[in-house]
Amino acid sequence: MDNLSYHLHPLVRGRNESFGLLFYNTRDTLLTFVRCGDLLRIGPAAGGISRLEVHCGSEAERGKVRRVLRGLAQKGLIVETGVSA
Amino acid sequence: MRQEFLHRAKLKAPVNVTWEVTARCNLHCRHCLSADIGGFSEAELGFDESKALLDALKRMEVFQVNFGGGEPFMREDFLDLLRYAHEQGVTTCISTNGTLLTDAIVEKLRNMDLLYLQVSLDGATANTNDAIRGPGTHGRILEAVKLLHRHCIPHVSINTVVTGANFREIGDLYDLGKRLGTKTRLSRFRPSGNGKKAWDELRLDSLQLAELSHFLSDHPDIVTGDSFFSITAFDRRELGLNMCGAARMTCSVLPDGSVYPCAFLHDGRFLAGNVRTESLQSIWDNAPVFELLRNTRVDACGSCWRFSICHGGCPAVAYFLTDALNRPDPECVASFRTVLQPAPTAGQAYQSP
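Here the protein sequences line up with chains R and X, keeping their order. Going by this note's numbering, the first sequence opens with residue 160, and the numbers climb by one from there. Going by this note's numbering, the second sequence opens with residue 6, and the numbers climb by one from there.
Only true hints are included.
Result set (DSSO-like, lysine-lysine): computed pairs, CA atoms no more than 27 Å apart in a straight line:
#: 1; chain 1: X; residue 1: Lys-188; chain 2: X; residue 2: Lys-113
#: 2; chain 1: X; residue 1: Lys-188; chain 2: R; residue 2: Lys-234
#: 3; chain 1: X; residue 1: Lys-17; chain 2: R; residue 2: Lys-234
#: 4; chain 1: R; residue 1: Lys-234; chain 2: X; residue 2: Lys-63
#: 5; chain 1: X; residue 1: Lys-188; chain 2: X; residue 2: Lys-151
#: 6; chain 1: R; residue 1: Lys-234; chain 2: X; residue 2: Lys-15
#: 7; chain 1: X; residue 1: Lys-113; chain 2: X; residue 2: Lys-151
#: 8; chain 1: X; residue 1: Lys-113; chain 2: X; residue 2: Lys-56
#: 9; chain 1: R; residue 1: Lys-223; chain 2: X; residue 2: Lys-17
#: 10; chain 1: R; residue 1: Lys-223; chain 2: X; residue 2: Lys-15
Since the hints were made in silico from the structure, they are not lab data. Note that the structure is predicted; figures quoted are calculated from it, not measured.
All chains should be modelled from the sequences, with the hints used to inform the complete structure.
So this is what it looks like as structure tokens:
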């Protein structure tokens with residue numbers, strides 16, 4: 160996770176909420192609620208792409224974010240885009 | 006889905022908005038929930054006002070708009086509205102009776118990726134359907150579904166409002182959907198609109214509700230639009246929202262722009278505002294009636310073994326049948342379980358007969 164960046168799948172919408180993130184999959188209209196607080200945020204869309212921003216400090220937080228990202232990627236909601244700068 | 010926190014959380018905007026874009030309709034269905042909005046046809050939002058509302062939905066990051074009516078295709082500019090919604094990235098779901106669909110219209114729908122279509126059919130047989138939706142409609146509706154299939158429209162479902170009149174045909178409707186390549190969607194009959202007048206005749210009795218609960222458990226591919234959480238069995242609880250979404254996840258806009266907590270609470274007491282005079286965001290954030298819905302707790306259900314999968318059920322049904330929002334849903338399986346079998350112990354799944 161530390162060196163990878165992620166963005167929302169083009170067919171997925173998402174928004175920041177007080178509890179974390181809310182995803183909507185246009186392929187089936189299903190919702191996914193992610194209770195991650197501010198650890199993950201959806202950044203402003205650029206060129207039609209919305210990137211995920213990771214804000215975590217402790218190892219425990221990193222572990223939690225890793226699990227969340229893995230689950231979201233498995234569901235096809237986010238896409239790994241490579242090594243971040 | 007662990008949803009307990011949603012009961013307390015306030016989303017910054019609806020997830021979806023149900024928008025009755027017109028009160029005009031070419032059919033006069035006996036159970037129509039929108040029959041009370043007939044007086045709004047003169048004051049319908051115009052095309053520019055409608056575009057402004059879609060712009061607002063985009064700004065609010067609303068994911069989906071459910072177009073209903075009336076019959077949405079009665080609006081001459083409806084295809085343009087659909088196109089504009091999709092340009093804003095908003096997914097659309099149309100509830101239609103199907104009878105106005107033509108080759109030319111469906112060809113245009115074919116190019117719309119963010120489109121879901123629900124075609125209403127209220128019986129597997131013409132006798133049953135036509136008694137509710139009008140003479141000759143069964144054949145016309147099936148032709149519409151076949152037309153959509155021929156044009157390869159991907160997300161089509163047949164939507165049936167389950168009543169005492171068609172209850173014995175639900176299995177046949179499910180098989181019909183399979184044959185026609187559509188999903189089956191079942192909706193709850195509610196005592197709103199024309200449903201108030203037809204309630205005693207068309208409502209399900211407790212044994213039918215229990216049987217329906219069992220049927221839904223056996224058919225997880227049937228979509229219910231969360232309307233049946235009052236009878237949802239434990240094995241379906243991960244398939245949808247397990248509580249009322251009014252003013253929490255959704256709200257409803259009428260043809261004249263007036264806003265209500267949901268499509269089943271179009272009663273003057275629940276008017277939250279109008280998008281002609283106030284932004285939808287402001288209404289969502291500040292309308293007292295929305296706060297009322299968000300804070301409604303069905304205390305009588307708090308200790309019930311089913312509370313985690315229904316949170317008291319549908320407040321609209323409770324309101325129209327008991328005149329109070331915070332009463333238990335009168336059609337909840339918990340209310341008649343003792344008639345059917347001994348109550349299960351905590352954590353045990355309810356088995357209907």
